[in-house]
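**Student:** This is what each chain is made of:
Number of protein chains: 2
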Amino acid sequence: MQTLKISLAQLNYHTGNFELNTSKIIQQILLAKSEGADLIVFSELCVCGYPPRDFLEFKDFIHRCTLSVNAIAEACVGIAAIIGSPTINPKFEGKDLFNSAYFLADGKVKHVTHKTLLPNYDIFDEYRYFEPNTVFEIIEYKGCRIALTICEDLWNINDNPMYIKNPMDELIKQHPDVMVNIAASPFSKSQIENRRQVMIDNVKKYQIPLFYVNHIGAQTQLIFDGDSMVVDKDANLHSQLNSFTEDSGLYELNISDKSVKTLHQQKQKNASTSIENIRAALVLGIKEYFRKQGFQKAILGLSGGIDSAVVLILAIEALGKENVRVVLMPSRYSSQHSVDDALLMAKNLGVQYDIISIEETFNALEKTLAPQFGKLPFSVAEENMQSRSRGIILMAMCNKFGYILLNTSNKSELAVGYGTLYGDMCGGISVIGDLYKTEVYKLVELINANEELIPNNIIVKAPSAELRHDQKDSDSLPDYDLLDKILFQYIEESKGPNEIIASGFDEALVIRILKLVNTNEYKRLQAPPILRVSQKSFGFGRRMPIVAKYLS
Amino acid sequence: MQTLKISLAQLNYHTGNFELNTSKIIQQILLAKSEGADLIVFSELCVCGYPPRDFLEFKDFIHRCTLSVNAIAEACVGIAAIIGSPTINPKFEGKDLFNSAYFLADGKVKHVTHKTLLPNYDIFDEYRYFEPNTVFEIIEYKGCRIALTICEDLWNINDNPMYIKNPMDELIKQHPDVMVNIAASPFSKSQIENRRQVMIDNVKKYQIPLFYVNHIGAQTQLIFDGDSMVVDKDANLHSQLNSFTEDSGLYELNISDKSVKTLHQQKQKNASTSIENIRAALVLGIKEYFRKQGFQKAILGLSGGIDSAVVLILAIEALGKENVRVVLMPSRYSSQHSVDDALLMAKNLGVQYDIISIEETFNALEKTLAPQFGKLPFSVAEENMQSRSRGIILMAMCNKFGYILLNTSNKSELAVGYGTLYGDMCGGISVIGDLYKTEVYKLVELINANEELIPNNIIVKAPSAELRHDQKDSDSLPDYDLLDKILFQYIEESKGPNEIIASGFDEALVIRILKLVNTNEYKRLQAPPILRVSQKSFGFGRRMPIVAKYLS
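Protein chains in written order, with this note's numbering: chain A, 1 to 552; chain B, 1 to 552.
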């Protein structure tokens, strides 16, 4: 019986940190070798981290990738490895680079396969850098014929194919024994199931087993859940690595009958619900933002509302309560219950807290601007002055003590511009900016499932910005249940006004909401980076004109 | 003698404003018809404006494009027109859209040509939306064989071809009489000459005359200079429309000998210098941002430094002095000369000005934060508190009176992070954020060429943020002459540290500067949109990771 022992390495890389990435990869190769693996598979562009973005335009950056590949190749003695790295396109015409998978063995580069299908939608920009592959060749190693592809190469299998050809349609003609795919497929709430289905669909189509390795970790907005997997030749999910953590597994492929067997793998966690995955993703996103930037400590404004309460819980989970500080910043318009509820929560959780009134700053601003404002009535100017006073205070704490400010805006308010630029929109990273308000409530349910970490008062009260007397979100916005349904159709589903109205919503309301979304694009352009958990997050993956006149 | 009378229409469109764009196009068609034109040519994607960005993902948006095309086609009786619009790709595979040129005549769509080369670098994302063309067909009209292409289709002619094929190499086989290219080619300081050369090189290669139509106007960051042109068959620039303004011209093409003749054209302005073009571009950029968003009035902080002085002059040129208000915001660290110089400038120019001290606000903040800050020494926290107090005051004026805040940061300080997020980095639009400090001085020379609009004191003083006693930019940064040279190589030329050092700069300094650029990416992510005048502006066209460890 001829077999190939394949190790999957699901690791966390740091973009541009060549020393770290290279030594991590080499260590894992040596470990797999000691476990008897014939081949170890890493993820897409693991050498430089994903996404490298415009660093790819620097020859120096590409040169460092090449040095890493060579160093890793030298470690491949008695074991083969598949790693991802950009490669220089030797041809005069076309883009300067390929997105490549290197097959390393006998201390050398044995084969280089390039990516054929270059994703260029949502957060992906690969055609910006890479020339698509046009050469299809099986890799033979120890009697095993490997069809090696890179991420998107297996994804042109759905209802609306974005590409004209499928690389596997070419490779299958050469009778491979197994598919190997190296990926950088970021998390979103529907992606885990979606991705699994795509991999299963590939095996159904090509009828050979599949070994799939994805990144874990996060790079600013993008969170990678891992979920590397083995699909057997009958299209059953044979095995899956653990989500949101580094993991590895060793499998044996029987080349004759193409069956697979697990030799070694960590215990697999039970399947998680969608909201549990979101929580894990956000916690990982915070943790990684801090760790990879070299920061320890977070600060946030705790208002007594639900958004900052959730962010506090996630921050504690990510950084530890000793690394999280909250600031309560009451004003004349703050209700007593908001202050009390925030205080109760901070005390219960045992985080360091400060109560810093904004009254003095707000008064000073009012007095300073009195010659200009005269007798003009209280307006959004005074509301924003309060929110911005809080922003200054939080940023001053950051600058003085080295905190990073966590932004607490949610997706619903970012969508309609219900927030103050340079005020509550401040922050290094937006934690829940890709969760609609109704999803924030679902997350609260999960957080409070075993213990009332978020006081019930905070949950049941009507949402309010408390920037004027008796203000409620519902004064300016429809109920979040209704609002979020309209927003979802517009933002996630790209539906136009007529389609949304036809699905049963009030015409005037739909027109008004869409106009709010479009006219507030300028605010979102200056928002912090948002941890992405949906298929369409504000920020890099949604590129909208500022100056425009469409539905606005 | 068989001739074709061709009109070029260089117009200003508003993204998503279908009514406006359609009626503008139809009016111009009727005008050209009245002047005897056989054919009128508009620019790329004129129907929806350029760039439409992710509006292209909305079926509703595409539907409105189609309605516009049909309405314009109906106006094409007794005249033909070439317009640009997205088209739905009828095939199942591939992207859903094409970027198309419509040939309209006899009240109908006669022919649709798609764009072959889809730019996907810098600020361009066309492969995000469009499938490349693969069919090459000459259009015959009134005995003239027209090779119709779209913008980038003619640009694969330089030293480092990004694409594998040239559409004109296919079209030329069908013996066309003339090339027509419809474009959306944004301004940058080298682009005018560059573009002219590319068009001339195409004529040299294919040896038939070229009619080229570009957009004018601006869409947020992107400024279109126009410079539509006719190149005769001997590769001479026969005619060029005026820059930075709507313009049109009527020409006669002799189909037999392929000579061209001007029938009607506005007087052409004299050629401008590079810095004159930059000035015109920035003025247009400001003007368009306000006009297309429906705003009239701008406000800015006038510090007594050179950056805000330049922005004030440009704002007055764009909006009129009656629409510009300046605020002087001295603190205990402001030098008397800064206040005096700013005041003198405001008075000389006759703009409305306010002197609003930040002392009271800054004092209130210091007092409010005293329990937390204790006896800790004055630091960047207090510096930023001052800058952010100014930000709040300016934004409060905006919110109260309906001003848009003009940001006054320059490219050098944005590059190295020498600015305060939510402080002097506030604003609706950044006017000189794509000009290095040394370029700002060049612009001042031009501005003051005939009259001392900017007081000499402001020009000769050493740059300072005045956020602590006796602070000078040169305390923390090298001389701008030196700094800007290093920045240019890194940002515009994508050179790595070794290449920059090899060109004669101190190693430690280069390493330090590059690290500053990379570690301050997070600030620029939250900066206002920047009017783009270089080949590599911060913002949409430069996509860098935040969390990374490369040269940082």
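The hints are simulated quantities; they were obtained by calculation from the structure and are not laboratory data.
Where hints are given, some of them may not hold.
Repeated chains share a single entry, so a pair holds when one copy, or any two copies, can fit it.
Computed list of lysine to aspartate or glutamate pairs in EDC-like fashion (alpha-carbon distance at most 20 Å, straight line) [said to hold, decoys possible]:
#  : residue 1 : residue 2
1  : Lys5      : Glu57
2  : Lys24     : Asp38
3  : Lys347    : Asp473
4  : Lys375    : Glu35
5  : Lys442    : Glu57
6  : Lys91     : Asp201
7  : Lys165    : Asp60
8  : Lys108    : Glu74
9  : Lys515    : Glu492
10 : Lys515    : Glu57
11 : Lys204    : Asp232
12 : Lys549    : Asp201
13 : Lys142    : Glu493
14 : Lys485    : Glu93
15 : Lys442    : Glu317
16 : Lys515    : Asp54
All figures in this text were calculated on a predicted structure; none of them were measured in a lab.
**Student:** Indicate, hint by hint, whether the structure satisfies it.
**Tutor:** So, going through the hints one by one against the coordinates:
Taking the closest pair of Cα atoms, Lys5 and Glu57 never come within 20 Å of each other, the shortest separation being 37 Å inside a single copy and 45 Å across copies. Only within a single protomer do Lys24 and Asp38 lie at most 20 Å apart by alpha-carbon distance; the minimum there is 19 Å, versus 68 Å between protomers. With identical chains, the CA atoms of Lys347 and Asp473 are never at most 20 Å apart, being 27 Å at best within one copy and 44 Å at best between copies. For a Cα distance limit of 20 Å, the shortest separation of Lys375 from Glu35 qualifies neither inside one copy, at 79 Å, nor across copies, at 58 Å.
With identical chains, the CA atoms of Lys442 and Glu57 are never at most 20 Å apart, being 42 Å at best within one copy and 30 Å at best between copies. Taking the closest pair of Cα atoms, Lys91 and Asp201 never come within 20 Å of each other, the shortest separation being 35 Å inside a single copy and 23 Å across copies. For a Cα distance limit of 20 Å, the shortest separation of Lys165 from Asp60 qualifies neither inside one copy, at 33 Å, nor across copies, at 29 Å. Taking identical chains as interchangeable, the C-alpha atoms of Lys108 and Glu74 lie at most 20 Å apart only when both belong to the same chain, with a minimum of 6 Å there against 66 Å between chains.
Taking the closest pair of Cα atoms, Lys515 and Glu492 come within 20 Å of each other only inside a single copy of the chain (16 Å); across copies the shortest separation is 37 Å, beyond that limit. For the homomeric pair Lys515 and Glu57, the shortest alpha-carbon distance between copies (17 Å) is at most 20 Å, but the shortest distance inside one copy (38 Å) is not. Taking the shortest Cα distances, Lys204 and Asp232 sit within 20 Å of each other inside one copy (10 Å), while across copies they are farther apart (59 Å). Taking the closest pair of Cα atoms, Lys549 and Asp201 never come within 20 Å of each other, the shortest separation being 42 Å inside a single copy and 37 Å across copies.
Taking the shortest Cα distances, Lys142 and Glu493 never come within 20 Å of each other, neither inside one copy (47 Å) nor across copies (46 Å). When the C-alpha separation of Lys485 and Glu93 is checked against a cutoff of 20 Å, the pair qualifies neither within a copy, at 48 Å, nor between copies, at 31 Å. In this assembly of identical chains, the alpha carbons of Lys442 and Glu317 lie at most 20 Å apart only when taken from the same copy (17 Å versus 53 Å across copies). For the identical chains of this complex, Lys515 and Asp54 are inter-copy neighbours only, at 16 Å across copies versus 33 Å inside a copy, given an alpha-carbon limit of 20 Å.
Hint compliance for this structure: hints 1, 3, 4, 5, 6, 7, 12, 13, 14 are not met, and every other hint is.
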